[in-house]
Amino acid sequence: NAGVMQNPRHLVRRRGQEARLRCSPMKGHSHVYWYRQLPEEGLKFMVYLQKENIIDESGMPKERFSAEFPKEGPSILRIQQVVRGDSAAYFCASSPGPHSQPYFGPGTRLTVT
Amino acid sequence: DAKTTQPPSMDCAEGRAANLPCNHSTISGNEYVYWYRQIHSQGPQYIIHGLKNNETNEMASLIITEDRKSSTLILPHATLRDTAVYYCIVRYRDDKIIFGKGTRLHILP
Numbered sequence: 001n002a003g004v005m006q007n008p009r010h011l012v013r014r015r016g017q018e019a020r021l022r023c024s025p026m027k028g029h030s031h032v033y034w035y036r037q038l039p040e041e042g043l044k045f046m047v048y049l050q051k052e053n054i055i056d057e058s059g060m061p062k063e064r065f066s067a068e069f070p071k072e073g074p075s076i077l078r079i080q081q082v083v084r085g086d087s088a089a090y091f092c093a094s095s096p097g098p099h100s101q102p103y104f105g106p107g108t109r110l111t112v113t
Numbered sequence: 001d002a003k004t005t006q007p008p009s010m011d012c013a014e015g016r017a018a019n020l021p022c023n024h025s026t027i028s029g030n031e032y033v034y035w036y037r038q039i040h041s042q043g044p045q046y047i048i049h050g051l052k053n054n055e056t057n058e059m060a061s062l063i064i065t066e067d068r069k070s071s072t073l074i075l076p077h078a079t080l081r082d083t084a085v086y087y088c089i090v091r092y093r094d095d096k097i098i099f100g101k102g103t104r105l106h107i108l109p
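Protein chains in written order, with our numbering: chain A, 1 to 113; chain B, 1 to 109.
Only chain B is shown next, with the shape it has when bound in the complex:
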């Protein structure tokens, strides 16, 4: 079972930052927060992951609260091509990735 809670859908204006929240109140100390997205019916795309510290890469930033019970994925300048289902996943070290229902992000022109 997914250990995360995400809003089912969100809208964001093109060019604005998209902030996608995720609650994972039962996360344990050895569990990482991963984000993937699935554009239409393509294969899921890895975005970013982190344990405690905030992380940034060329795609996005991941902000994890100090108590690690929630996190936010930030797409700094959303484009129409960012329209997708975004999955927040809690993963124990070497375990498999388990997908929940995700957030359907609509980027509005």
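Next up, chain A with everything else stripped away, as it sits in the complex:
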């Protein structure tokens, strides 16, 4: 059983561009979580999604950030008009249900130049 997949692993964007980060959960997992880790800092929760539903977006910045998990395909974290402060590692995790432990992917490292 393949683990959580994230792509791209590294992404470079210029200020003002859009960044799209993809997360393919483990087979059979319908719950996805996104986290952000700024350089030398801890992991911060961003958003929790179930297929076609946002369950908890209490950690999402109010502007420029959005997330979706469609019925088919990967979950997408979208950052519009990126700024240098968005440079970070973005991790997603998946679980088969709300009571199960989430398993994390390897992360996408976003660099904004």
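FYI, nobody ran anything at the bench for these hints, they're computed from the structure. One should not assume that every hint holds.
Each computed BS3-like pair below joins lysine-lysine, with the alpha-carbon atoms no more than 25 Å apart [stated by the list, open to error]:
id, chain 1, residue 1, chain 2, residue 2
1, A, K51, A, K62
2, B, K101, A, K44
3, A, K62, A, K44
4, B, K101, B, K52
5, A, K51, A, K71
6, A, K44, B, K3
Take the given structure of chain A and dock chain B to it, following the hints.
Same frame as chain A, but now just chain B:
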């Protein structure tokens, strides 16, 4: 906010058991204790979790005190590859995982 308190760092000799403590004095009856670790800048790795009883798997053992106000993660034979930041997390049933600052464990050769 994290509901746990962990020492910021610990050392352990290679081959010895690493015992990582965690205080969670405000834990409620329906909250589980979870442990994850992050090796360098990799994705966090699930280790183990428990509610009341002690738990053991191929990676580690989790010892939870009877009053559930503290717990200890035990890595029975630490290797250099166990060097990581270890996170103790209190999680209510179906809630999200919230990471604190963790304990940076150094395994000494």
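Hint check:
1. A:K51 x A:K62: Since the Cα atoms of K51 of chain A and K62 of chain A sit roughly 22 Å apart, the hinted pair holds (cutoff 25 Å).
2. B:K101 x A:K44: Holds - the C-alpha atoms of K44 of chain A and K101 of chain B are around 11 Å apart, at most 25 Å.
3. A:K62 x A:K44: Since the Cα atoms of K62 of chain A and K44 of chain A sit roughly 15 Å apart, the hinted pair holds (cutoff 25 Å).
4. B:K101 x B:K52: 24 Å, holds
5. A:K51 x A:K71: Roughly 6 Å separates the two Cα atoms, so the pair holds.
6. A:K44 x B:K3: Holds. K44 of chain A to K3 of chain B sits at ~15 Å (cutoff 25 Å).
Violated hints are absent here; each numbered hint is respected by the structure.
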